[in-house]
Structures are given as C-alpha cells and as structure tokens.
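Can you make the complete structure from the sequences, with help from the hints?
Top to bottom, those sequences are chains A and B.
Everything in the first sequence is counted per our numbering, starting at 1 for the first residue and increasing by one.
Everything in the second sequence is counted per our numbering, starting at 1 for the first residue and increasing by one.
The hints are simulated quantities; they were obtained by calculation from the structure and are not laboratory data.
There are no misleading hints in this set.
Okay, derived cross-link-like pairs now, DSSO-like style, lysine-lysine, Cα gap no bigger than 30 Å in a straight line:
#, chain 1, residue 1, chain 2, residue 2
1, B, Lys451, B, Lys415
2, B, Lys76, B, Lys116
3, B, Lys649, A, Lys102
4, B, Lys818, A, Lys104
5, B, Lys686, A, Lys25
6, A, Lys6, B, Lys684
7, B, Lys796, B, Lys569
8, B, Lys705, A, Lys102
9, B, Lys451, B, Lys569
10, B, Lys818, A, Lys79
11, B, Lys705, B, Lys734
Label-pair ranges, simulated between beta-carbon atoms:
#, chain 1, residue 1, chain 2, residue 2, range
12, B, Glu723, A, Glu78, 54 to 60 Å
13, A, Glu78, B, Asn648, 28 to 34 Å
14, B, Arg520, A, Arg100, 53 to 59 Å
15, B, Glu732, A, Arg100, 39 to 45 Å
16, A, Arg100, B, Leu711, 21 to 27 Å
17, B, Ile556, A, Trp71, 55 to 61 Å
Derived list of chain A stretches under chain B, where covered just means 3 residues or more per stretch with a C-beta under 8 Å from a C-beta of chain B:
#, region
18, 3-17
19, 21-30
20, 117-128
None of these values were measured; they are calculated from a predicted model.
We put the CB at the ideal spot given by N, CA and C, even for glycine.
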Amino acid sequence: MNTFRKYIIVDDDSFNNTICSLILKNILGEIDIKTFKVPEEGLEFIENEYMTNLEPAILFLDINMPTLSGWEFMEQYEKFSEEVKKQISIYILSSSLDQRDKDKAKMNPYIKGFISKPLNRETILSISQI
Amino acid sequence: MRPITILLIEDNPSDVRLIRGMLKEISYFKSNLISMETLIEDCEQIQKNNFDIILLDLKPDSTGRQTFQKVIDCSKEIPVILITGIEDEKLALKLIMEGAQDYIPKQNLNPVLLGKSILYSIERQALLRNIKKLNVQIGRIEKERIRLAKTPSVNPALILHVAGNGKLLYINEAGIKLLPDWQLRINGIIPSRLKDIIDPIFIEGTAIEFELSHRELIYSFCAVPFIEEGYINLYGRDITERKQAEEALRESEEKHRTIIQTSIYGFWLVDMQGRLLEVNETYCRMSGYSSQELLTMCISDLEAVEMADYTAAHIQKIKFLGEGRFESRHRRKDGSIFDIEVSVQYQFVENGRFVIFIQDISERKRTEEALLKLEKAIYTSGEAIFLTDREGVFTFVNPEFCSLYGFSSDELIGKTTPRIIDSGVLDKSFNKVFWQTLLNGNEVRGERINKRKDGTLINIDGSATPIIDEEKKIIGFLGIQRDITERKLTEQALIIANKELKKAGEELTEKEFFLRESQRAGNIGSYKTNFITGYWQSSETLDSIFGIDENYDRSIAGWLEIVHPDDRKNMDEYLRLEVIGKRKSFNKEYRIVRNDDKQTKWVWGLGDLKSDESGNIVEMIGTITDITVKKYAELERVKMTMDLIQRNKDLEQFTYIVSHNLRAPVANILGATSILFNPELSTKEKDVLNRGLNESVNRLDNVVKDLNHILQIKSKINEIKEEVNFSDLVEEIKISIQDLTGKDHIKIKYDFFEIDSFLTLKSYFYSIFYNLISNSLKYRQPDIPLVIVIKSRKLKDKMELLFKDNGIGIDLEKVGDKVFGLYKRFHSGGIEGKGMGLYMVKTQVESLGGKISISSKVNKGTEFKIEFKL
Chain A
1 MNTFRKYIIV DDDSFNNTIC SLILKNILGE IDIKTFKVPE EGLEFIENEY MTNLEPAILF
61 LDINMPTLSG WEFMEQYEKF SEEVKKQISI YILSSSLDQR DKDKAKMNPY IKGFISKPLN
121 RETILSISQI
Chain B
1 MRPITILLIE DNPSDVRLIR GMLKEISYFK SNLISMETLI EDCEQIQKNN FDIILLDLKP
61 DSTGRQTFQK VIDCSKEIPV ILITGIEDEK LALKLIMEGA QDYIPKQNLN PVLLGKSILY
121 SIERQALLRN IKKLNVQIGR IEKERIRLAK TPSVNPALIL HVAGNGKLLY INEAGIKLLP
181 DWQLRINGII PSRLKDIIDP IFIEGTAIEF ELSHRELIYS FCAVPFIEEG YINLYGRDIT
241 ERKQAEEALR ESEEKHRTII QTSIYGFWLV DMQGRLLEVN ETYCRMSGYS SQELLTMCIS
301 DLEAVEMADY TAAHIQKIKF LGEGRFESRH RRKDGSIFDI EVSVQYQFVE NGRFVIFIQD
361 ISERKRTEEA LLKLEKAIYT SGEAIFLTDR EGVFTFVNPE FCSLYGFSSD ELIGKTTPRI
421 IDSGVLDKSF NKVFWQTLLN GNEVRGERIN KRKDGTLINI DGSATPIIDE EKKIIGFLGI
481 QRDITERKLT EQALIIANKE LKKAGEELTE KEFFLRESQR AGNIGSYKTN FITGYWQSSE
541 TLDSIFGIDE NYDRSIAGWL EIVHPDDRKN MDEYLRLEVI GKRKSFNKEY RIVRNDDKQT
601 KWVWGLGDLK SDESGNIVEM IGTITDITVK KYAELERVKM TMDLIQRNKD LEQFTYIVSH
661 NLRAPVANIL GATSILFNPE LSTKEKDVLN RGLNESVNRL DNVVKDLNHI LQIKSKINEI
721 KEEVNFSDLV EEIKISIQDL TGKDHIKIKY DFFEIDSFLT LKSYFYSIFY NLISNSLKYR
781 QPDIPLVIVI KSRKLKDKME LLFKDNGIGI DLEKVGDKVF GLYKRFHSGG IEGKGMGLYM
841 VKTQVESLGG KISISSKVNK GTEFKIEFKL
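Here you go:
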C-alpha cells in the first residue's frame, strides 16, 4: 500500500508547523515536508512545483492567518489548472472548534476534510493512504 | 513917411479944434484930419478916402454904440479909437472887445497920448490884418490837405477834369473807354446827369463820392473840386463786379435770414459774454419776448436751469469744443418754463460768437415722460404683458410675464413664440377661432388655460390684440394676461363648500356627538384637507392632539409648522411627492411638537385622497392618532432588540475567540505533549517542543487576560469622568514608550490648538492614545524616520482627533472592516502583533459614545479619525 510521501503545511503559527512536522515524521518516517508561514508563498510553491511534479501531496491548511485566511487561500487555489489541483489533497488543519468552519470546509469540493488540531496518529494513518 | 489920414467924427466944433491943435503939436508924424459931424450918409466916403484911422467921439447914449457899429461895418479894417466922456469908460471897454483899438477919455486928451494911441492902433490893426490873411492862407492849405486826403488812394481807372461850366478838360486813356458810350470829348460838355451831380460841388466846394451806372456797368466816382483853379477832378472806378458780389452776398444773407426767420428752430447769435446779438421770430414766439426785448438780454436772463456761473463755463467749453448739443429749459416772459434742446456752433469771427439753434422739446419731453410712465405702468401693472412681432416672436415681456410662466426674458425675446405657453389642452377649434379673430385685426378677450415652463397648467384671463400700422397691416401682437388659477380654485372650492353647507345642519347633532366621543376615547383626530383652498378642517380631538385652537392657521404650512423640525422636510416631501404625486394614501408615523405646550408627540397619520369627476385631486380625508405611548414602548422594544442583537454579536465573537484564539495554544499544547515523550526525538527537537510549549502556555494566559480586559471595558463605563488634557496625555505616553522606540528616530507632533481637553474616562483615553501610537510604532517603515501627527479639531457639534503616521499602511480594499476586529492581524512575519490594539481602541471609543474610522495607503501611511459628540 502506497502512502503519500509529500506534505505541505500552511500555517502562520510556526510552533504548530514544528509539531506537525515532528508528528508526521514520527509516524510516517522519511517524508518530504514543506512548511509555509506566509500563505502566499505556499500558493506560489504549489503553482510552480506541481505544474510538472507527478507525485501527489497532502496540504494542511490553517484558516486563521493574518494576510490571507484559509478560505482566501482556497479562492486563489481554485484558479489553478486541473493538472495542479488533481495532485493535491487538501485538509483544513485548524484549532477552531466552530461548526461553521467545519460546514464551510465540507462545502468546498477541493477540501478533503477538516482536521481539528492537533494532528494525531489515527488521522494521519487514515489520510496518508493513496 | 506919408502923412496919416485921420477921420474925426465929432459934432462939437470946439473939440474938433482942440484935437486938430493937439495933432499939430505932434512932431514925429504928420497928419491930415478930416472931421465929420455924423457918419450916417458918409459910409461910402469913408471907404473911398482910405483913412488910416478913425477917431470917434463916443456919445454916452445909445447912439454912441450904434455909431460905432456903423463905423466898424463901413471901415472894415480901419482902426478905431474912441474919445469918451468920464462916465463912458465901461462902454468903451466893451467896444474894444468888439473891435475898437483903443479909447482915450476926453479929459485926459493930450498930444503925447493921442499920438501914441494913433500909431499903436494903426500898427496893431496892420498886424491883425496880416494875421487874418495868414489864417485864410492856412485854411486854404488845410482845405487842400483835406482834399488831397480825400483823393482815392487806389489808382483810379478813370480821371476826368471838368470845368465849372461842364466842359471836359481832360480824360485819361482808361476814361476814353467811356467816350463812345457817354459821348464825351475834350472841350465838349459832359452828360447832364453827370453835370447835375457835380454842379453843387462848385458851390459847396467839398469833395463827394457817388456812384453811377451805365448799361450793365457801375462806376464809383470821387469828385474833388479845385475851386480857385475852376475845375473838378473826377476819379472813377468800375465797381460792377464788386457790386455784383455785394449784391449776391446781400441776397444770400437775405436768404439765410429768411431761412432763420422762418425756421422751426429758435435762433440766436450770441457773443462771448452771452449777450444776444440776433434772434429770430421763432424764438420770439417760443419765449413770448419781442426781438427788441431779447436783444437787450443775456443767456442767463432766459436760462431756467443753469446758474449764470455754469453758463459761463459752458460757453467756454463749447468754445473749446467748437460745438455742443444739450438739453435745458428756458423761462418765458410770462414766467413759464419750456424744455429746449440747444445746438451751438462756435464761430471764430471777431471776438468769437455762437450760432445757436433752439428747439422747443416740451412736447417731446411730455411724450417721453408719458412713455416712461407707460413703461413703468407696464412693468408694475401686475399684469403679464408681452409683445410679439408679426411672426409671433416675442419682442417684449414684462417681469410679471416671466414670473407667471417661469421663463426668463432671455429665453423668450427673439427666440420663441407664445406657442411655448400653449397648454395643448384646449380644443383645436378654440385656437382656430382665436387666431381668426386676431388675424382679422380684432382683439380677443377671455379665459384660457396655459402652461408654465415647469409644465403646470394655469388659468389665464386676458386679451390679445393685433398691433396695426397706418396701412392697416398687422405688425405685431400685444398680450395682456392675468393668472386666475387661484380665483378658479376658490370658485370651485366655494361651490363644494356650499354643497357641504347644505348637507350640514341636517344630520348633525347625534352623529356628531357619537363621532366626537369615539374620537376622544381612541385619541384619534380626524381632518379634511381641501387642496383647492389649501386649508384643512379638524375635529376637536385632532385640535387637542395638535394643541391648537380655532384660530390656528389650518394651511398645509400650518400643519408643517406642527411637524417636528427633524421630520418636517420628510413629511413635506412625502405629502407632495408620494401622496399627491403618486396618488397614494397617506400612511405615516411622525413626530409633532404640540403648538401649545411644545411637547413632542408621535402621531400616526392616515388619509385617503378624493378626486372630482374629471379626476383632479380635490381633498384628503383621514385620521391622526396620538401614538406617543405606543411609539415609545415600541422604540424601547426596538432599542432592546438592538441591544440584544449586539450582545448576541458580542457573544458570537466571544465564541469565535474561544474557538480560535483560546483553542490555538491549547491545540499546540496537546500536539506537543502527544509526541514529547517519544523516545525517537532528538534533544534538539525536544528543546524546540519545550520552548513551544512554554510559549503556547504564555499565549493561552495572554488570551485569558485579554478576554478579562475586554469584559472589563464593557462594565467600566460607569466610572467617574474627568477633564483629560491631550498634550499631557501624549507627553505621558512618550515617556512610557521610550523602551519601544529604542534607538530609532521618532517624532510625535501634536496640535491641540482647536480643542485640547475633553471630559471623559482618562484610562480609556490613555489606552486609545497608547494603542494608536504603538500601532504606528509597530507598523513603521523600516528606512524612513517615523512621524506621528496628532491633531484635534473642533467642529460645530463634535470634536475630532486625527492620528496620522507615515508608516507602511494597510491595504483597506483587501482588509476592509476587519481592521478593528479582535485578533485580526494583517502583516505576516517580522512584526509583532496579536490583533488586540485596534480592537481595544474601537471598543473603548464606542463605549465612550464615539466613532472611529481609518484611511490608509500602502507604503504611505495611515490615518485614524476619532469623533466625539460635544
């Protein structure tokens, strides 16, 4: 069974990014993790990298960020070509407990799921299977 | 020496003997004495004998004088010595004055005296004679001199010498020209008509000038007599041409005089002193003076307007300009005044004079005044008046016309025709008849409906009249109109009112009682507004709701007067545009200020429009209910609802904060702890996790503190307010932020000139100022020195505080109203900020009753504006 080897984390909270990276590595072993504190940089990376990259990736996206919220991030993301988008599986990773956020995530076709922080073993194992 | 011949006239022989004896005694001359008794018969003998001297015995009576006179007359130049008695000395002296040479009183007679007197007398007489001769000679010389002076200085063309008998002695070459005509020849007799003229000259001896014409020619002659020589010199010249010129001149003068005399203008010739030198008949008629009277007068005697000084100055001015034309007034002989127009021409002759024509313009003035009055009448008649040309294009409109139709005169004159005010609602045949009558040259009177510029229709009463010239051609039209719209409306209203009156009185009492009591019970007033008269009627209950009595002005304006000032404009527009304009029912809640006690009340007005048969709105009937109690309750409910909504919003936000900001550090703690004890972690990773854990716990604590802080604000508002001085506040903050500013160059300028203090909660104001200043510090541009400008402004009813910086700014288009949200941050990386400051500022400003707004440009700066009501 194949698992995702590439992970992208977009969250302005650097400590969260550290924790996520440690947990992912702890569970999945040697994987490729890119973290972005500034969401615009994350968008730019995805657009450039996944024009040609054929290896699918999982994106953990925070909602509450100063310059670009998770939802605004998605608006930009939706403009990308299908080539790019079919390689990325997006999960909202938020500390929010707000049901409205969860509902909103469900409505978006490009969002695979809503994960409440922190990441745990079960969640990682269930989504990392291709 | 020859003997002196002496005549002695003496009747006394003894005296003769005595004198004869005395003469013989005289040795120095010899004498012959001849004596006579009287002289009466001997005058001739005296003359014949050439006496050298006469001795006359002067008789004392009157005969003595007579005798002397006779002797003088006979002897002419013979000297006379008088021999007198003692008493006759007086007479003797008198006679010496009359020609006697000497006198000797008889008693003094002696040879010496006698001899001396005789010699002296003879000598003196001789001297006199010589003087006389000389005088004659001098006279002749003088005459000759005069004669010569009279001789024409111009070289005469003709010279003739004519002898006293009319014989022509000489004629010069030029004169020969006359010969064949006048049949003149030397030694011939000159023609009789010439002779008749010169004959008297020989007698009178004085030169004369005369003219003679012959055929077409005219000659001027000067005849100078030389009487001694016996001829006359005639000097002649042909003056035909000069005469003709003179005649022409005279004729032209005559012609001018005639023109001037018969002119319709008064004429004056005036000298530089303003004296009248000449006047004509016309001016005499104008002024009532005769020309003789006028010629003794000056301008100032006639001038009725100008002061004499001014006239003098005026004369000088016209002299300078050469001519002048002006209006003035003159006074007639009878004292009445007449208007004149004066036209003056200065003539540079002699000392200068003025040719003046005077036109009596009294009539013209009267016409002008009448026209002025007419014009004024047209302008102030209160009627709308217009004129058009033949094509119907406006040539004149009076202000009334403009205001009646709402056009300016510029829009009408020369640009359009009265078709512009045609309403189009009148029957076509009406207009056809109108124009036919007009074009037949007849006036049309009557009422019609016209249209104003704004489209409204007005009722007009008036007339249209064709203006016809002498040839009976129509050259234009005159229109006079009056707005009778109001009258029409009143008429209609009267009809309706009459109908109503009839109905009333019949079914009143019981129904009225029922109506009044039910209205009072429900606090519902009723009204009826008549839009034709513009007035409304009201029920008793309505009067008490409005607080008015029967004298109140029940017009639309009177109703608006009761409406609360804040609602007045809206209600006015609602009635006009919504209700009347769109023919809707009246249904509105509004505030009133009662007329009597000035209490503010809420009322609910309802009303239905009523129209007449042709669909025109005539009136509105409806009710006005006092809903003050209900309204306040309702407003209270609205306020409570609003409060609840706000609370709910606050709660939602609180939930949001809990779910995001409180949850975030918790989630991190959970995440970190889940792997902290994993044995595979490196020391370094453990370290990172520990530090992160610590940080998250601190963050958690901060959020809890913030929340506490925020919740405090919302309850702190009841604290005691104090006068906060802005300058002091800024200085205080400057000190507290010294640590934050560090080495950077920071300027905080402030200008609290307009208003520098405010009664408020100091802790809040400190927090507001602190947060805004530290916000600017946080978001300053890295390479530009930060400048913060804080300014206060005092406006009519509010105060403004402006905080302006030159920092990095915020893209407001992107961020919008989230700027002031809690835990909203807009800058990633580098800049410390947890999204608390502006939220605090906004919460504090609003809880103090103020407002905050932001304007910003990226990389230029940000400005916050805070407003508080004063």
